[in-house]
Structures are given as structure tokens and as C-alpha cells.
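Novice: Each chain is listed here by its residues.
There are 2 protein chains.
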Amino acid sequence: MNTLAAYKKHLQEIGKLRSAISLLHWDQRTYLPPKGHAARALVLGKLAKMAFELLVSDQLGHYLEELETQNDLSLEEQASIRVVGKAYRRQKSIPPDIYERFTIAQSRSESVWEQAKKTSDFELFQPHLQKMVDFSRQFAELYGYEDNLYDALLEEYEPGMTTNQLRLVIEPLRKKLVPFLKQLREEGTQPHTEVLEGTFPIDQQRKLSSHVLKAMGYDFSAGRLDTTIHPFTISTGPRDTRVTTRFINNNLFSGIFSTMHEGGHALYQQGIPQKLHWSGLDGGASSGIHESQSRMWENMVGKQLPFLRFFQPILASVFPEFARARPEILYDAVNTVTPSLIRVEADEVTYNLHIMLRFELEEQLINGRINVGDLPELWQDAMKRYLGVVPKDDAHGVLQDVHWSAGMFGYFPSYMLGNLCSAQIFAKVKEEIPDLDEKIANGKSIVLLSWLRKQVHRFGKMYEPQDLLQRVTGERLNPSYFTQYITDKYSQIYKL
Amino acid sequence: MNTLAAYKKHLQEIGKLRSAISLLHWDQRTYLPPKGHAARALVLGKLAKMAFELLVSDQLGHYLEELETQNDLSLEEQASIRVVGKAYRRQKSIPPDIYERFTIAQSRSESVWEQAKKTSDFELFQPHLQKMVDFSRQFAELYGYEDNLYDALLEEYEPGMTTNQLRLVIEPLRKKLVPFLKQLREEGTQPHTEVLEGTFPIDQQRKLSSHVLKAMGYDFSAGRLDTTIHPFTISTGPRDTRVTTRFINNNLFSGIFSTMHEGGHALYQQGIPQKLHWSGLDGGASSGIHESQSRMWENMVGKQLPFLRFFQPILASVFPEFARARPEILYDAVNTVTPSLIRVEADEVTYNLHIMLRFELEEQLINGRINVGDLPELWQDAMKRYLGVVPKDDAHGVLQDVHWSAGMFGYFPSYMLGNLCSAQIFAKVKEEIPDLDEKIANGKSIVLLSWLRKQVHRFGKMYEPQDLLQRVTGERLNPSYFTQYITDKYSQIYKL
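Each protein sequence line maps, in turn, to chains A and B.
Going by the working numbering, the residue at position 291 of the first sequence is 291; the numbering climbs one at a time, nothing skipped.
Going by the working numbering, the residue at position 335 of the second sequence is 335; the numbering climbs one at a time, nothing skipped.
Among the clues, some could well be false.
Where chains are identical, the list cannot tell them apart; a pair therefore holds if satisfied intra-copy or between any two copies.
Unchecked claim - List time: in silico DSS-like cross-link candidates among lysine-lysine, alpha-carbon distance up to 27 Å: (1) Lys275 - Lys35; (2) Lys392 - Lys275; (3) Lys92 - Lys46; (4) Lys454 - Lys35; (5) Lys176 - Lys495.
No lab work stands behind these hints, which were simulated from the structure alone.
Note that the structure is predicted; figures quoted are calculated from it, not measured.
Kindly generate the complete structure, drawing on both the sequences and the hints.
Specialist: Below, the structure is given as C-alpha cells:
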């Protein structure tokens, strides 16, 4: 076997382990009975350790070293070596014993966080969060960086992105969004939402969600739809991408938009071609680009009039109480803006403000400019400044998200980048498919999927996110598409 | 770490891999989308190989060698070393390259069998079956045996059982069953079955099955109930034993008895105490003993009047058409005897005849006294002799079961042994719990479960099946309990 073949075989072995790990995770969050959790944690720990050992193995190091100098490789092979090489070097830079101590501390931290969130007890969580911060700072030093320690963490989720670049994006965004939100609240006309009220049996909601997924172009022969508490999408193998969603009895559209969001992630995964399977490139270009796909289907498709025109008769066929609900009325109702305490419940206008707050705090934490103990108060201050609302306790504030408890510093910006990229890409889509609205209204959103397949999905991780954005839209990240989209849409809905 | 601790740790590592493998299998047979199967086979292959390598590792060999001479071990530790040592030596006796060639041939054979069964094409399957026979003979030689090559294969599923012992059991059994069946058919009064007719929505059937499982004492917080095509029960971890069943639209009791059968397996697994988890003893004493538990709940409980008295009101609450169905009428109807072509559909009287036929053929195959090519004709002859019916094609004959395609020679007798043991154990239960019928009729079958837990389940694999039977019933395998049970029950139902 030559080195290239051996390299590919090695990646396939990692891929197989990850495939099993993904199924164990999926099951853990969907069907695992309560008493099965303790053993499952041990099983997952073992497989994760094996996958880690394969990734940092000297053998892989040798393959990479040899292949990095080889000049007869395909574009995909070159990209694979670049992406895998980067992951290899990042992981390799962490001494195994430190990494092991981290995973143990992480697991404890997550479970203490769960407890602390329930009782709104930040002090209980504080020492664990401190450990997560300390480990992350140590990792960042070991990964290496140029300007800002935080860049080394950002790199994990947004290759090529830096703190400085983020600031250049956030500053103008905040300057638009904060006053615009104020204007909406003070001068705008809040839409009526009575049309959405009612109780909707879960079984019927599930049918509706399956219908929507099918209409989006999701391939059920290469995936499934199940329910869970915190929705997620996962590929448990190259042709097996599973969507999970959640349904709320008295909030019908919550489940539909959750399904469309996860469906957007799933379409991206299903669009990755076979030649990239198990190559290290079989994922999204970055967390932000992945999020651009989910947010596009949720917001740029789902929360728009054309889709609601298509969807209203389907909705009425399952829930006859919607037979007379005009799509225009639904459109206004699902697009109300309400500054709220909880990120995952935020609307399109306020969502990014939640992210900015988190980015600013975590960037300062990592650089040691603020202390873990100051977080609750700093959180309150920032909420007041950005959103004008203040949480009554830490459970609705600094304790609300799981990310920090798992040491995932650097992840939050991806959510914002996803929003920005979705608007930028969608503007391009509308330019290239002028009758897109009509197509979507007629249930032909497949034209959008085909376009995304061709322009985005088929490349997997072959390009860094900014390079992909450049290829797709002709320019690098430009937040003005998003602000334009938001001000146009909500000025109209709020009759400004 | 001392040797004992290292040994236990090693077993736990094997256990974790097997746990992951079990989940991958469970998913494959319940929820895996069609396009996910190809990759799943690769993932399963990798994990199975890793588990195999851990089992035959020299390290484990050294631990065993050292511990086998140690004399301060607990009963459980001694049993673990005996059981694991046996498995180690059996696997170790097969050269890895032969084993690898076998697993590849096996996988092909199984998929060709599936095709051949569909088109009833024995010739297509013949060369693959030949390979499975050849491998099995080779394995049997390598495992070693005293009297009969087939004994070496039997040992896998029924430790301590031999061909000669089986013959001593089968001969009197056949001499009773074949004429009794003839008598039932010729002189008996076939019960009416109209009471069972109807169409029963699957969702309602599922509710009913959940209810029955709960009533049996199955712990849903350590397991689940799902549907599949060929029902099975699997432990995907020490506290996670999952039942699968299947429902037939127009055959309500098929689903109920399938659930009770699998539930019987699951109760056995759930009854294995924590101290045996991941010790190599966390399973049934043998396939036959495991089957005795499933058959007991299905036949000795489910297909009896006391249970049907308890069950009828529950049934009527879900399907009101049974409101006036008298338990006595249901009892007769679910216990009709019909010689049929397909083993898995066979009633209590004819089931063992299907097994005898398979045992005789496979024992002769393994000893080279008959040829693979002669099987279809030999099958037809035996069916005529034992059951008086002859399949119209091989799909309903020699091709019906998956076992041979996977090289599982030696497994079939377990089904018969399960039936015999269930009658023998149940006779003891009735002796020790004189009011068992009344208890079951009042929904208190938990007294049976408690008895089984104490007498059978809590030992896991600690004793060889015959030793366990001796402990539990005071004697070794005695088929007369079964023939007594069958002749009593069916003479009454058929008014002989």
C-alpha cells in the first residue's frame, strides 16, 4: 500500500470510530433509557480515547509529513491533508495527560453546570468554570496564535477567523441593531399573534415536520427524524444524517422552525459527495457556514411570506383551525421582535446581540482581563445595554448555555457568523434565481437546494470559510447584507 | 494493579466494545435508514475485530494462566475465569487469518441467502452454504471434541451438551410427539378461532404490548420496546436491555406473544446482578436456558387460562370488540395446533419437530454423512415424516432460517432445550408456588419473576446449564415434564 492509500485507510479507521461515537451520542439524546447513562458514558469515553489516539498517532504524522511534499495529488487530497494536518497538529500540541485531565474536569463541569442551572447557583459552578477557562487558556497557548490568545480557540470552529476581524464585523452591526431595536420597540406596531394560539397534539406536529423536511428535499432514506430535548443534527455515517427536533404543545411554529433549522444542517451533510466521505472533509467548512445553512432554511425560507403561502394549506390539512389563517397574518405573527433573556428563544433582530455579549465576555475571560467571579454582574450590565432587559437570576443569565461548561470558548461567534453568512449567501441566491419567491410559494424550494448543493454543499470542508464565501458570493464576509435584510424586513412588518 | 484487577479491567474494555457493537446492531435492525447499511457494516466489522483482538490477546492469556492457579478467589471470580478462559481458548484455537476469511465468507453467505430465499433458489445459495459447512468442520476440529465433531459446535451454545445426550432426549420426545400430533389431528376437536379475527391498529397493539411488559415486571427505565421485522432482545449495556417485537395487523396475539417471548429474555438480562456486569458472566447460562425463560413467559404464562383471565379486561379496554370474549374461548383459540412449514410460526406441539429435523440434518452435514446438495430432498422427506406436510418450494423449506447461512451450526437444539427446560422449571415453580395460577389471574405474576430472579437470573453464566437445572429443579434435563405438559394441555383443549 502506498502512503496515500495508507493515509486514506487510516482516516477511514478514524471515521468508523467516529461513526460509532455519533450513534452512541444520538442514542444518548433520543432513546437511551435512564439507567443506561452511566455505562454509556464509559463506552463513549473508551471510543473517544481510541479515536483521539488514532488522530495523534505517529503513523498519521509520518503519512502527513510525506504527503505534504507530494505534488501529484488531487485538489480533494490536498485539502484533506491540509485539514487533517491542522487537526493533527492541534491535538498533538496538547500533552495526552493534560488532555485526559481536561476531559475528566469537563465531564464534571458539565454535570455541575446542569445542577447549578437548576438551582440558579453560580457559586456552585464557579470553580468548575474557572477550570474550563484555565484549561482553555493553556490549550490556546499550546495551539499558538499571533495577536490574541482567543484567536487560537476561534480557529477550532472558524478556521482563519480572528478576534480583530470579528470586532470589525461586530462594531457596525451593533451600531445598527441596538438603535434599530429601540426604534422598533418605540415607534413600531407590534404584530398580532392571536392566530398562533392553540394546543397542537404532538403526533400531528410530527407529521407536519416530516412533511416540511420532505418538501425541503431531505432524503429520508439516508436519515430520520426523532424528538429530543435540545434539538441537534448528527451524521452517524456517510449516508445517515439524522435530524432531531422538539415539539411544544402550545407553540406550533417552534417545532416547525426547529425542524427547518436542523433540516438545513442535514441538507448540508447530505449534500457532501461520496468522494469526500471519510476524508476529513465530510463536514461543513466551519461551524459558522454550517449555521448559515440552518439559519437560511429557518429564517430566509421558513419565516418568509412565500414559504408560508406554500405551507398554509398543508398546515390547514393537519390543523383545520388554520383553514382561514391568511399567510400574511401568519408572516407578521411569526416575526414579532421581543428582547428576551434566553438566546435560543431570540428572534432574528435580537439574536446577534446575545452573541456579541457572549463573545465580549469570553474574549476578555480568555485574555485574563476579567474574572470568572465577575461574570454574573457583567452579564447583567451587558444585557441592559444591548437588549434593555435584565435577568432576575443567573439561571436566566450567565448559566443558561451549556458551551462554557464544556470549555467550548470560541464557539459562540459561529452563531452570529451563521446569521451574517446566511444573509450574504441568500442575497446571491436571489440574484441568481430571480423567481425564487414564486418557486418557494409553489413548493419548489428544490431550486434553492440545488443551488446550495452546487455552490456550497459539494465542497464539504475543502475551502476555509472565508474562501468559500468569496467563491460563492464574490466577496468576503460583509455584514451589511444582514443589516439590510433585517431593516427591510422588520421596518415593513413594524410599519416604520 | 494486581492481576485480578487488571483482568477485570481487560474484561471491562471488551465489554465496552461489545456494548457499542450491540447498539450498532440494535440500531441496524430498528432505525437505521436504508442508505446507512453499507457504512454500518464497515463500522461493525471494525469494532468486532477490535473486540476479537482483545479476547485473544496474549495479555488476557497471561492473566488467565496466573489466575487459574490462584486459590483465594470468590465464586464469581472463579466462574468468570472459567467462562472467559474457555472463550479465550476456543477463539485462540482459530488462526486469525482463517477467522477473517470466515467472517468475509459469512457476510457474503448471509446476503446471498437473503437473495436466494426471496427467489427460492437453493442452487444460488449452495456454494456459500458449502463454505459455511467447511469452515464449521474446520473450526470443530480446531476446537477439539471427544466423540462427535458436532459436539465441538454445540458447546458454543450449550456448554456441556453432547450429541449423544441430545439423542437420548430427542428419541423419547419424538416417540411421544409424532403419534400425539396424529391423534390430535385425527381424533381431536379443533378449537374455533373466530374470536381472534379482526383488524387491530398497530399503535393500539403497541400500547397493549407495553402494558403486558410492565405487568411482567420489565423495567422500562432500563430498557425500551421498539418494533422490527425479526424480533430480538439485546443488552446494549449493563442496565439497558431492549426488547423488539413485531405487530401484524390482523393477528393481535402474534404481537402479544412475541412481546412476552422477548420480554422473557429481557427479564433474564435485567435480573443479572451488578456484581456480574462486565465479568463475562452477564448473560444466560446457555442459549437453551435463555430460551427457557422466553418460552416460559410466552407459553407457560401467556398461553394459559390464568393469564388470559387477567389479560382479557385489559384487552377489552384497548379493543372493545373483546369485551365479551370469554377467557376460556380465547384460551382454546390461541392454542390451536396446525402442522405448518415454517418453524417460527409453529405451535407448542409441533415446534420441537421442526428442531429435530434441523438437528439431524446439521449433525450429519458436519460429520460429512450427507451432502449440502442433498438438503432440499432430505428436508422434504423429514417434513413428511414428522409433520405430514411438505413445502412447495425451498423458500418454505431448507431456505427459511438464517442460522446456517451464518455458519451457526449447533444453535438449533437450543430452541428445543429451551422448551424442555421451561416445562421442567415451571413444574418446579408450580410446586413451590401452589397458588401461582390465582396470582397470575390477579395480575401478580411478579411472584413468578421473583422466583426466577432468585433461582435462575441472579447467577448469570455462573453455572453450566445442566448444573443450573440441577440446582433449580433437583434433576438434570428430563424431557418428560414437557411431554406431560403437552399431552395434558392439548388433550384437554382437543377433548381427547
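Novice: Hints first: check each against the structure and report whether it holds.
Specialist: Results for each hint:
no.	hint	in the structure
1	Lys275 - Lys35	between (40 Å within a copy, 16 Å between copies)
2	Lys392 - Lys275	neither (52 Å within a copy, 47 Å between copies)
3	Lys92 - Lys46	both (19 Å within a copy, 24 Å between copies)
4	Lys454 - Lys35	between (45 Å within a copy, 22 Å between copies)
5	Lys176 - Lys495	within (18 Å within a copy, 90 Å between copies)
This entry does not satisfy hint 2, going by the numbered hints stated previously; all others are met.
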